[in-house]
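A.B. asks: Residue numbers (the UniProt record's numbering), protein chains in the order written: chain U, 1 to 940; chain E, 1 to 307.
These are calculated hints, taken from the structure and not from any lab test.
C-beta: ideal position from N, C-alpha, C; glycine also.
Heads up, some of the hints might be wrong.
The calculated lysine-lysine pairs, modelled on BS3-like cross-linking and capped at a C-alpha distance of 27 Å, are [said to hold, decoys possible]:
| no. | chain 1 | residue 1 | chain 2 | residue 2 |
| --- | --- | --- | --- | --- |
| 1 | E | Lys-188 | E | Lys-211 |
| 2 | U | Lys-138 | U | Lys-30 |
| 3 | U | Lys-30 | U | Lys-197 |
| 4 | U | Lys-256 | E | Lys-300 |
| 5 | E | Lys-291 | U | Lys-431 |
| 6 | E | Lys-230 | E | Lys-219 |
| 7 | E | Lys-300 | U | Lys-431 |
| 8 | E | Lys-219 | E | Lys-188 |
| 9 | E | Lys-205 | E | Lys-219 |
DEER-style ranges, computed between Cβ atoms [claimed, not checked]:
| no. | chain 1 | residue 1 | chain 2 | residue 2 | range |
| --- | --- | --- | --- | --- | --- |
| 10 | E | Glu-198 | U | His-538 | 34 to 44 Å |
| 11 | U | Ala-863 | E | Asp-193 | 58 to 68 Å |
| 12 | E | Glu-301 | U | Gln-99 | 48 to 58 Å |
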Amino acid sequence: MTSMVVNGKRGGQSLVLKGVDPETCMIVFKNHWAQVVKILEKHDPLRSNVGGLGGGHGLGGGGGLASFRFGAIPGDEASAVQNYVEHMLFLLMEEECGQNGAMGPILEFVVMENVLERLFIWSLRREFTDDMKLEQLKMYEMLIGQAKQPLLHHKPVLKPLMMLLSSCSGSPSGPSSSAVETELVLLLNQLCCVLAKDPSVLELFFHTSEDQGAANFLIFSLLIPFIHREGSVGQQARDALLLIMALSAENQVVAKHIAENTYFCPVLATGLSGLYSSLPTKLDVPSEEWHCLHREDWQQLPALVQFLNSLEFCNAVIQVAHPSIRDQLVGYIHNGFLVPVLAPALHKLTLEEVMTTTAYLDLFIRSVSEPALLHTLLSFILLHRHDNVHILDTLVSRINTPFQLGTVSLALFRTLIGLHCEDVMLQLVFKYLIPCNHMMLSQRRVLRERDCYSVSAAKLLALTPSCCSPEVIPPPLRQLDSILWSKGTDGSHIGTMESKEVLSEEDDCGNSCVIGSEIYLDVSYLDYLCDAQNSISHCIRACCVWSAPYDGENPPPEEYQRSTLEEADLTATPGLLELEWDDSYDACPTQPHPEEDQETRPIPDEPPKHIQELRRTAVMIVKGSYIEESEFQNDVMVYDLVAQKDAHDSGNGYHAPSKPTEPAKQEVLDGPVTDQKTANSESLMSNGLSSPLDEMDSKKRGSQSEHKSLEGEDLMAQYEELIRTLGAQHSSPAKADGELKSPTVLMDDEEDEIDFNSFSPETPETEKLPSPFGTKPRSGSRGHAVPFTGPFLSVLLSRLENMPSNSLHVNLLLTGILAQLAAYPQPLLRSFLLNTNMVFQPSVRSLYQVLASVKNQIEQWSANNKDFPELLTAAQHSLLARESSLRADRIKKNPTIQPKTVVPLNETEVYATVLFTEFLKELAAFAQEHSILSYPPTEQ
Amino acid sequence: MNTFWSMSTNAGRKRSDGEEQGGPGEQRSSPTHPPFGKKQLPSIPKNAVPITKAASPASSTESANGTHASYGPFYLEYSLLAEFTLVIKQRLPGIYVQPSYRSTLMWFGVIFIRHGLYQDGVFKFTVYIPDNFPDGDCPRVIFDTPVFHPLVDSVSGELDVRRAFTKWRRNHNHIWQVLMYARTIFYKINTMDPLNPEAVVLYDKDFQLFKSKVVDSVKLCNSHLFDQPKIDDPFAISFSPWNPAVHEEAKDKMFAYKRLHSDPLLTTPHNQRWPEDYNKGPLVSGLSWVKPGSTQPFSKEDIPLQT
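Hey, can you work out the whole structure from these sequences and the hints?
C.D. replies: So, in structure tokens, the structure goes:
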């Protein structure tokens, strides 16, 4: 049979068959079958006593069956059967449907005679090797793929198929060979395609199982172990699963089954943890400029590619699956990956590790598109607290760290701001601006006013350093002349109308509109205007879904102030405060306060051991030693039992399985034992607590044989534990998703406590901390929150103030982020960044003030350096070259070309000066475009 | 030197602001509708007669160095664009304006009078804005055909704007107010210090004759409705008799647009200003899980299903 498939004999036979009438085919088929039956019966223990019966029949899946052997079947008989079967299958495949969709006669015969099941049992009777499995798998693959009539609707076809599938699965006898796995997944994929096309078959898949006493969905369960597999096998399995996921969106039964009876979601989520653990903990940073993982970077890291494949799969599942599955998966990702794995990873001990994790997080956010998944990632960042500090606060605090952690953190915020997510912007920026404490009381009504006459733009551009003034810069850097208009242009339209017009204009005594000639204008500024217009209108459209305009009236500043005040009196969160003002990197940024070591933590049940459990679980799944859950186990056994029944009937006593791999299975069937085991493994882990990495290493080092049974045991225990933790009061995993939301809700409430108190004057810790600004608020006796625009804006501006000493790429990131913020149309932010006429509280540093300070630094520096103009010109040329090489790269997709640098890159001041000048234009363009695209309409 | 010039990209935008025109493809192919939002240098209007004019500083803003000279025209352009958006926002009843193609300093307009003495009058006019706006004199309004009205010069057609805006004050005075004023004079007749003394005499002494002169004037204006625009400009307002082949489609589009954007969010004035933007490019959507009225992130109970 194998040979037939492989050699593609069918093609030749097809020609032969054409025109042969169905009756002849039927006769041939029957004849062949009669020959086969003769051989089968000759070796059937029920019919004859040929071949001694082996003593030990294993019931444990394929392994057990393989050991169940009769006397050797002569080779010629085996190949005879194979030959007949080949022909028979071919006849079956080629048979057309009967009238009105009835079965064709051959199929009817196959069903009546139970041909396929008998053939399957025959193959079991012979040595059930991988080759045998392959043969059977290919047979079904061919039948399903090429039969001209639907076969799967018939139980005598479906049942042996199921038996085959279960025997090929990763049974306790150990994983099958990769060839078998490949073929198995291919067949499963094919079955899923059939399901997707004809959902009525689905019913049969469920019913078949019910008959066997276990309601399940074997095809699905068999695919789960391959979820995280790399290469084409994994991809095929994921594609197949996605087909089922799409099915679940319309079929409640499927959705319910997957959510309630399978561990699909936990496997998927913990798999992420496992894959994450194999990512490099430290990245080889290619250059000092590097600050985020681009495609070229992560494509070099197979582990990262694999992780992203799985993440992409999660994204796809969430996109197509039934909401119940989506919610469950999202919950498991939060509680099974983000909280136990990513959160501690973000708080590792070394700078490089933390930087690497930050870059990963940034990449993950960029790789995800489904709102539900983004919701999970973002709520983790915004609401989750690690060691009592919000992840977001930790991340913000790192912007000011030296080396690349600072820039990688900046890149992460660039991604976050680019999402146009109200929740992110609220936590980063708006919650500090809503109370309007940062401005003078009289300024609140000015807040929404638009800069009708481009006054702000003019003020910003007036900050242009004298060395960069438009008159000073020589061409081609100054593109002024290209907009030159001359009087005598293009005479084609100048005619009588022209002169008439001139006349009329004279008549109107100077009422003419005039077009200036020979005006020198900065052409590049047009590009900035155009960019600004695009960004702002893009941003306005994106923000249409937001809940409020943030215009100083909605949300009302007064309400927020009051609540701030109240909360400020309640508690203080010292940890947070330290972070926000920490501009020197601390090796251990989240050292808990002594009192926090006591059991006052909000979530005492989220200890590292939990992480490690999940890690272990996940690692095992990834390594392919995954064992299906109880229901599936039952099913495999059922099928095995079916297969063994014949043997049993032959007079051999039934023995309880006694293979060494059995305990795990028993345990599964036995509820209480599982609990006990869970307790055991738990205590074991809490005792032998080490760093997650050590745990992994020891896993790797451990000998395979020793681990096999243990792993299975642990795995089940861990799943139980996982379910227990996630749905504390609920028994079924399906209900866990309702539960999953509660942490978020809980955190919401806690959020209130710490919102503003950290910035209130009542908090004594504030006073003690060194501030990066000399103007850090100290007053505030009025009882209002101290004017403060929030840690994020503060830290951005503080880094911007150091522009002259920042490296080029840091400045590019900084100005890029500020430009992103400047595109936001909300009056609170727009007025803070771009309205140069606003009067802020003395303690609040505005963007304009910071820019003015940078200008002064530049003026001083340039005055003290004789060769500054030459350096400046060279820097401008080199930046232009960089720009064009970047553009070229974008077209050629060749990122490796490094821009030529005329000026040594250590001349940071020179580059900063050029960048500063351009940044002023960019900001001025934003200010001007806002004045005509302003949102929302205010003037009445 | 601060003279004025016109930016074709902005002319394109004004076009889309002023009225809902046909499809974007149509606009792209037409020379009078330069591609919207595309980065490009302003094209030079072919029939423009550049006239160099001495000009006063456009803005009172101090400039530290040469930046103002280079960017001054941009400030003026955007000041006028801002004025224009204000006009759009006001939705003045019966008034339509459109900046000329050549220059944002010249706006074409038309007023429809719906009741009163001047009922059924359709008066075309042109607004001339001084090039030192907003620091110069008030804009001038000149009717294409001199309307018989105490405040309208019977020869030049100029409206006495100065009486309402003795001194033009930046930030306080806006062009929409001038337009509003131009409309008001037809509903509330003021006879003090007239530009057209004859009209006032008749108004006071022989109201019937005044009325009949007004009716004649309205008729005269309306009879010139389909005339070629007085000033040749691609954006000049011109009328033509109803022609289903030409106008039906445009009318349908306007109503279809209205139906399409019946969403309250989109029908707010600020959003109507860039209908083209909504039609082009991929649909962008931000994210929000903030419950309206709350300032807590992720305060919405349900995760909205966005596809």
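A.B. asks: Confirm or reject each hint.
C.D. replies: Taking the hints in turn, this is what the structure says about them:
| no. | hint | in the structure |
| --- | --- | --- |
| 1 | E:Lys-188 / E:Lys-211 | 14 Å, holds |
| 2 | U:Lys-138 / U:Lys-30 | 23 Å, holds |
| 3 | U:Lys-30 / U:Lys-197 | 32 Å, violated |
| 4 | U:Lys-256 / E:Lys-300 | 25 Å, holds |
| 5 | E:Lys-291 / U:Lys-431 | 14 Å, holds |
| 6 | E:Lys-230 / E:Lys-219 | 18 Å, holds |
| 7 | E:Lys-300 / U:Lys-431 | 17 Å, holds |
| 8 | E:Lys-219 / E:Lys-188 | 20 Å, holds |
| 9 | E:Lys-205 / E:Lys-219 | 23 Å, holds |
| 10 | E:Glu-198 / U:His-538: 34 to 44 Å | 57 Å, violated |
| 11 | U:Ala-863 / E:Asp-193: 58 to 68 Å | 60 Å, holds |
| 12 | E:Glu-301 / U:Gln-99: 48 to 58 Å | 56 Å, holds |
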